[in-house]
Structures are given as C-alpha cells and as structure tokens.
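There are 2 protein chains.
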Amino acid sequence: MGKRIVIVGGVAAGPKAACRLKRLMPDAEVTVIDQDSLISYGGCGIPYYVSGDVADEKELRSTSFHMVRDEYFFDKAKGVKTLTSTRALSIDRENKTVQLEDLKTGMRTEIEYDTLMLATGSQPVVPPIPGNDAEGVFTVSDLHKAIAIKDMIAKGKVGKAVVIGGGAIGIEMAEALTDLWGVETSIVEYMDQLLPKIIDWPLATILEKHLRDHSIDVHLGEAAEEIVVQDGKVVAVRTGKRTIDADMVIMAVGVRPRSKLAKDAGLLVSASGGIVVNERMQTSDPDIYSAGDCVDIIHLVSGKRFVAPFGSMANREGRVAANNIAGIPSVFKGGVASFIVKAFELSVGSVGLSLETARAEGFDADFSLSSPSDRAHFYPGQDIICLEMIFDKRTRKVLGLQGTGPLNDALSARIDAAAVALSVGATIDDFANIEMAYSPPFSSAIDPINAAAYIADNLCDKRMRQITMEDFYSWMANPSSNPDWQVLDVRHETQAAPFVEQFGSSLWNSLPYDQVRDRYLELPTDKKFIVFCNAGSRSFEIQVFLDSVGLTNNTVLPGGFNVIKRMGAEWLPVS
Amino acid sequence: MGKRIVIVGGVAAGPKAACRLKRLMPDAEVTVIDQDSLISYGGCGIPYYVSGDVADEKELRSTSFHMVRDEYFFDKAKGVKTLTSTRALSIDRENKTVQLEDLKTGMRTEIEYDTLMLATGSQPVVPPIPGNDAEGVFTVSDLHKAIAIKDMIAKGKVGKAVVIGGGAIGIEMAEALTDLWGVETSIVEYMDQLLPKIIDWPLATILEKHLRDHSIDVHLGEAAEEIVVQDGKVVAVRTGKRTIDADMVIMAVGVRPRSKLAKDAGLLVSASGGIVVNERMQTSDPDIYSAGDCVDIIHLVSGKRFVAPFGSMANREGRVAANNIAGIPSVFKGGVASFIVKAFELSVGSVGLSLETARAEGFDADFSLSSPSDRAHFYPGQDIICLEMIFDKRTRKVLGLQGTGPLNDALSARIDAAAVALSVGATIDDFANIEMAYSPPFSSAIDPINAAAYIADNLCDKRMRQITMEDFYSWMANPSSNPDWQVLDVRHETQAAPFVEQFGSSLWNSLPYDQVRDRYLELPTDKKFIVFCNAGSRSFEIQVFLDSVGLTNNTVLPGGFNVIKRMGAEWLPVS
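Same order as they appear, the protein sequences are chains W and V.
Here the first sequence is numbered in numbering that gives the first Met the number 0, starting from 0 and rising by one per residue.
Here the second sequence is numbered in numbering that gives the first Met the number 0, starting from 0 and rising by one per residue.
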C-alpha cells in the first residue's frame, strides 16, 4: 500500500491536491474529509446560481464535461476516497491521526496519515448584532445556504432585501437579487465606500453610481446595528441612521480563515487567523501541509503576510502542496491580490495595493488616474476604462493597479498583465513598456497600461501636478472655499458650454486646447487653474505649456470628464 | 532658441517622440518631416476603414477627442513644426544637416539638427512578379492606397479579389473585402499554413477553417507567379497550380525596414535591414536616434535581433527615444512579439516563439496544447479557447504562447499576461502560478494560462506523453499506416458513438472516463492507445492510470475534440 494522505477540506484546494496527488502517486491512498455533504463546488459561482444565470446548483459542482463531482466521481474517476458529512475534530500529531465524527451517525473514528493536508477554508464573519440568527438571515458560505436563498426568493417570499457589506460578495449578491428577481435591495456598508481597501474612492464612487443606476440603495458609513425580527423572521435592518425593511438579509462582511483545528493542534497560526505556511505550503509541522482560504501567504507587493480567499489561489496552492507532498519540490511565492468583480454592466478590478492601503503600509505612494479607450478609439464599440495606478515615488515601483470598465475582458487583461509585473517588482518604466498585443479590435497603439505608467512617470518626475478627485469634488460642492480656483476647460467649446452656463465663466473658463498657445495671454493671472479635459492628457499638455510661459499656478484634474461623468455629482450639468 | 530636433517620419514613432519632446523641452524646436501629405495615422486601422467599420479615413488620423492630426494640429496643439510632402534625401552627419526635397515644388533645401531621429518606418515588400504594377494591384502601405482600395470597391468595380500573403494584414484585408462588400476573395500563401512563423499548424488550421467557413478561398503552399493583366488592369492571378480571376489584388507579403537613408549615411544597419539601435534607441551615431518599424530590436526570448513592425511598439520606442534625447535616461529592453488579429468571429494571438521557430532557434522545445473555457465553464456565454504553450525542456523556460478564441478579449488577456512573463524569462513554474484576476464572469478557478503550464510541467517531467496533431491527422487520413493504433475515447458514450460507428470499434474504442478503473481489463493489450477526450485533461488522467496498471503503450491527443472540431477534417463524423 502506498502513502496515506489525508486531506481535511473538500471544496477547492483539497480536491485539487487530492487529484493531483493520485496522478503523481497512483499508489497513494488519498482521503478527503469534509463536514459538508456537498463538496468540490465553485463557491464563487453562488451569486450566479442565485441570480438564475446558472440554473442548477449541480452545475457549480460539475466538471466542464458535465459530471457531478460527488463521492462516486472522486472514487471512480479520480481514485480518491471521500468522507463527506464527516468532521475532523482534532489532530494527534504524535501518532499522526485525525479524530473524526460522522455527522449523520455521531460515530467517532480516527484515521491515520503519513502526510496531512489542511484545506479547511474560511468561514463567514457573522456580525455580532441582535437578530443575526433570525429566519431570512443568510451568509453566502456554502451551497446549502445558496439553495435556501434561491428557494426563498423563487417562492416569492422576498420583496425587499438588505445586503450587509459592500465587498465583492455583497455586490454580486445585490445584483443577483435585483437583476432577475426584482427584489428591492439595499447595501449597508460600514466604511465610507464600496470595496474598501480594494479600490480607492473615485472608482468606488463609479461603482456606487452604477449600483444606484440599477436601483440598488447604497448606504455608506453606516453600521447595521440590529436585525429587527418578528415571529422569528427578519423584517428590517436598523442602522445608526435608518431602519430598512427587509424580508431577507445577506451578511457579506468578509470571511476569516477556518484554522481552529490547526491551532488546537499547536500549529503556527498568524494574528489574522491564517495558518502559517512556508513557500512549499508546509505548516510548522513538516508532515502537515495547508492551502486555500485557511492559509496566510506573502503579499508580494507589501512583503507582509495576508489571507487571500480566492478559489483560484486555492487551486494553485493546492497543486504546489501536492507536488511537495509527492516529493516534487515546488514553491508558491505568494500573491498580489488580483481581483475582479462584475456589477451589472460594469467590471471593477484591482491588483496590488490601493492608494490608501499603500500609504497605510508606509509607502511614499501616489497615483495616476486616466480614462482611455479599451481599444482603438476609432474601432466600433470601443468604451472607456478608468484606471488608477499606484506607485512609490521613491523607488518608482508600481504598487497597484485598479480600474472600472465595460462588461468585457478589457479591464481583466490589464489587471492580469499588471499581476505578472507586480509579482516581479516592476517599476513605472517597466510598465511603460509592457507589450500588450495590439490590433485595433483589441487594444490601442498606446495601451491603457502603458499610458497609466506614462502619467505615473510624469508625476514621479514632477513634470505633472494634479488635484485629487476628493479635493476637486469638495471644492465643486463649495466653490467659495477656494474663490481663487478656476476650471480651465480645454475641451471643445460646445462641450464646455453647459458648464460655463451653469457655473459662470469666472469659475468655469473655456479655452480650447488648440487655441491656448495663441490665446494664453487672455487668461487671468490671479487664478489657480484646474485644467480640465475628457481624459486628462490634454490637460497635462496644457499644464506643461502654461508652465513654460510662466503661468505655473495650475493643476490637472486627472482622468477628466470621463471619470466624473461616471462618478456622478449633484453639480454636474444635466446632459 | 532651444535645441533643434529633426525627426524624419511622421506616422507613429515620429509624432510620438515629437510631442513628448515638446513636453519635456518646451523650448526645443521640433520638426517632423514626412514625404506623405497625410501623417500621424493609425495604419493598423486601414482594414477597418476598407471594411466600412471605420467610415472615414480621417478617423484613423484623429485624436480620441476628434481632432484631425494634421499640420495645423501639430502646430497649434503640440507646438511641433511639420514639413509634409517633403522627402529627406540624405544626412550630412558631419555638418549635422538633412537634405530635403519639397515633393510639390521639387525645391531642395536643408535643415540643421542638434539631434536627429529616424522614424522612417517600413515599406511593403512587392513580389517581383509580372503585372505587379497593374491597375487594381495594391499594397496596404498608406492611407492613399487605403482610400484608393475602398473607392474602387465602393464603385462596384470589384467582384473578385486575390490577397497575396496569409499574414495578419492579408487576413484582415480578406475579411474586410468579404464581410461587408461581399467580394469573392482568395488568399494565396506561399508557405503551407496561414500566419507562418507566428503560430503553429494546428492553430493555423483552425484559422484556415474559419476563413473557409466565411467563404474565403485559401490556397496554401502556392506562390503567386504572375498577375495577369489586360488593358493595363489586373484580371487574374496565376499560381503554380491555378489561375484565379481577380479585379483587385492586395499584396500583403510583409514589410521591410525603410533604412536606406540611414545606410547611405553610414549608420549601422543589420542584415535584416533594420537600423541597429542600443537600449537607449541610439544609432551608431550618438546624435542620431531611431525608433519604429525601421529599427532592429532585441527579441527577449530568442536573444537575437529582430524587426517588430507594430504601431504600438513604435509608440513605446518613440517615447524612450524622446526621453533620451531630452536627457532623461530611459531604456527599451526589447520585445517579445506580442501579436493579435481578428478574423471574423475568431481571435488569433501569439507571443514569443512558435514551436517551429523555437526549434529553428536551437531550443529543446516542446509544446502543450489545451482547449479550456475562456471563463467559468458554468457561466453563460463561456466559450473555448485553444492554447499552445511552447517551452524549453532543458531550462523549463516558457518560450511562447499562442491561441485562438472567440471574438472577445479573453485570448488577449492571456497573451498580455504571457508577454510580461516572457519579458522576464519566466519558467513553466512561474506560469503555473500567474495570478489572473478570478471571478466566474471573467475567468476560471484554474485559468487557461495556469492550466497550459500544468500540462507543460507534466510533459517536461515526462509524466505525460502526447501525439502531435500532425501525426494524428496523418494517421486518421490513412489508418492502415499504423494498424496497431487505437483511439481510446474516454468521453461519454453518446459523444463517442458517431465515431465508433464511422470507424468501427477496433479503431475507435469507447470507454468512458469514469469506467476505466473498473473495466480496463477489457482493453486490448496489442494496441497503442491514443487517449481522446474533449480537452485532453481526462486523457492525461487516464494515461496516468493506464501506466499504473502496466498498459503503458498509450499517448494523449492534446487539446482533444475541442481542437479538432475547430480544425476540421474530412474524416470527422458529420455532427
């Protein structure tokens, strides 16, 4: 008999490692243990099952060739033994056994291992508020919950819903409830923006507007303080500011590593709760490996350890763990937090650090914000993506890239390319020369990722100065706060006209781009110009020119009208 | 007065450098010289102008904010002087002057420079065959030609056309002629596949079938030997094998660097005709820079010099040249030949080396071929991409990635990520852990790029053995050539049935994936199995299992039915 390998956890990293191990060591006896009856499913697909895009939950646990990944499948197709509805209670590291409980019978047994792998995943954080266990309150943590959610909606029991948490799952679930089912949905987020720490405020505001445009109420900076319950069922959510009626509440405030089993066994677990592994995915016990949502890995940009609960990461980590268990040295160097989410017709993505996070991590961070076309601007169907690149001014290293774009893979392509570059410590100059495949139907001669680096380069070398969106919005909401500021709109006169009409020419001055060289002497000398165009690139050129003629009191609004149109604002002229 | 910078060439690298220079050195006197009257256009957009996707040629030379980039624009908006319809005749390096001829008046002058930049681009290769200058014969080399082509078609003068050359421009032009205008179009390619040296035969065959499915006649391995002319006009193209009627001939057999000016001035020019530059884009004369289609750069995978005539590359090189001219040290390390082309509803892309090229370059190259979903296989609208990864067996370095896919940016995203990885010498193991942004609408938990690396890893470590598509096709066309071979189809029985019926069970044996472990003893022991499934992954698993039970005489058909369905074959059962 071959090596006995026991894997605790049967969703992503566990099954991946199990199958890989059987291929590497056909003689090995590989057993996967899971407390659930349903295993090996694509948890990230749950919102699309709830929405109806995926008709049957079985599709989430089927292969691409439509076989359901159940106990039969693992046995017959993979040669892997599965013990479902079985909980791993504890690990006896000295005797190399795991104590098990059959959850159907209550019977306790133990299983011996030569090598153990922990793929225990993560568990949803449940806000400790009154009513959190009422009927109609759900987390999005497993297929049973997903089935229950969809069942309740399909039975017409949900007219209104509140999603607590404005992260990826909250947003996906809000879309799922709204889009097909027409549930009146609100998102309540404790922080003052959606996707906090993942993207920064300007792009979060684009996302927020997009959700509002799709009838989702978004309440930011509000904590859910109580789930109001009647007859055991949820009827509302009370925040510090309001009470929102709800037949259903989705709690999506994040996950934490499921690491109690490891901790109880004396394995090293980090402060964030992640099981500490080395690059070989080995825990502090050399006979125990770990992979997936339950582990702490190195963030390749910050250099610190972090938890990255993604199914894709789990698969890659699981494979590396399996290789090492089978005696093939393999390393998993860490992650860069690649992220993408669909919100109706919007893509929102990021990789690396946000500006806010980068500064919190001590970097001398700044950002470039741009709004280029996602392919040749003359190609039919082109659309705008808004990109923010975060970089360190001292080292010129790129720290992150984030963006919003139309619902295609254009943003994804930039995030993916950036992910590779960030993983090797690429600088602004490296990004400036990334060789994206070019042809007008797919990209532009100056690709958005290169252009973002160009701007970063100009900022880093102090050739460009900019105002933040936060400062610009704050001023536009109260122009008298800085009466000497003036927008210098260098777009075509017809584009500037509605703004000039709305704000007056002393606040919003129109001087087209191609006339500045001839007419700059007409400009007032007692104003600070906020140079404004569609995308920011003309503004930068005008800044350079104004500087060269001594009108140095100017700044660029990066990203320009393309960005603020998507962010929305009360003061924007009605178009 | 500032530095005098003269730039010869006004299409891509030239204007990019000129504008960048004016931003870096507002005092500089920057002059762009071009022999054409139309400058700064997106030459890569010509096929889309001819097709009608882009209505007006002006769009190809307009900014994203719809200003035409003409002499007025460069003067007023950019502060750059342009001398159009002006040919640079020669360079006097000692006196630092360029001799010019005004092509409208014939008048000769000269211009002094402190720094000169050559952005002379490339010129189309015109096959030296009789009739190549007849009316109706075109290259796709500038906007005038594009206008003439579209004009001739729009006037209804073109019922049939022949495109000579099966490279990117040939394919794009063939689509342009066929799609909107309904011109009966043939492609004649001298090599025995489309996109020679860019992609390998299996993917080229997918492209070929796609073109044929869209009514384009594709003639491979045929040289155009004569353009048959009557009354000065083309009437047909004669190849070694046939004569094809044609009212129009598009010659698209490639371009060569336009480097005569440089060569005549004694600058170092490579054997391929490219102007040799260092990483700072400096020619062998330190006061002369060069960028764009006319230069020779380092291929970061092969390590050799090559010419990379892409508008995107030209822009990046132009910016680096400008930086250096302005005293900002910048490097352009080289290229990895990122490539993508649209052919009707198909995307075809590549980066790095093809298998054939890699072997010709002396690498110990092998390939992995796969056919995964472009996003989560359960997500609506998912489609298959066919990916070939080329790697070196000795160093485990990835040498190239190529693919075909649906008409979205999914393939582009993989090519782009690979481009970054190839530029830093990534290995199979690095590719296995590339962190593509994951969410079901955008990708899959095991991304195609990771999966391709997994297969490469298994091949490299000799855990997997495969048959090439070439060998498989050759055997299927003549099964008696290897009577002891047998396809072992591990797909569902209903999928295998039409094949078993067509070929008989001794040639095409059906044994479903999940039954092999129980029924392998039924298999014949005197056959070599070609294990067959939809994508190749089940086949590999079955190979590992068969090996473990001693049935080691087996091989995998990589990519499986997904690939051969797209390649097409006479012997395929009608579905």
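In short, the hints are calculated from the structure, not lab data.
There's no promise every hint is true.
Just so you know, same-sequence chains aren't split out, so a pair can sit in one copy or run between any two.
When the alpha-carbon atoms are kept at most 16 Å apart in a straight line, the in silico EDC-like pairs for lysine to aspartate or glutamate are as follows [as the list claims (entries may be wrong)]: (1) Lys232 x Asp132; (2) Lys75 x Asp517; (3) Lys392 x Asp365; (4) Lys332 x Asp429; (5) Lys80 x Asp513; (6) Lys149 x Glu500; (7) Lys396 x Asp284.
Hint by hint, here is what the structure shows:
1. Proximity of lysine 232 and aspartate 132 under a CA criterion of 16 Å is satisfied intra-copy only: 9 Å inside one chain copy versus 83 Å between copies.
2. For the homomeric pair lysine 75 and aspartate 517, the shortest alpha-carbon distance between copies (8 Å) is at most 16 Å, but the shortest distance inside one copy (79 Å) is not.
3. When the C-alpha separation of lysine 392 and aspartate 365 is checked against a cutoff of 16 Å, the pair qualifies only within one copy, where the shortest distance is 7 Å, while the shortest distance between copies is 42 Å.
4. Taking the closest pair of Cα atoms, lysine 332 and aspartate 429 come within 16 Å of each other only across two copies (9 Å); inside a single copy the shortest separation is 21 Å, beyond that limit.
5. With identical chains, the CA atoms of lysine 80 and aspartate 513 are at most 16 Å apart between copies only, with a shortest distance of 14 Å across copies and 72 Å within one.
6. Proximity of lysine 149 and glutamate 500 under a CA criterion of 16 Å is satisfied in neither setting, with 50 Å inside one chain copy and 44 Å between copies.
7. With identical chains, the CA atoms of lysine 396 and aspartate 284 are never at most 16 Å apart, being 36 Å at best within one copy and 33 Å at best between copies.
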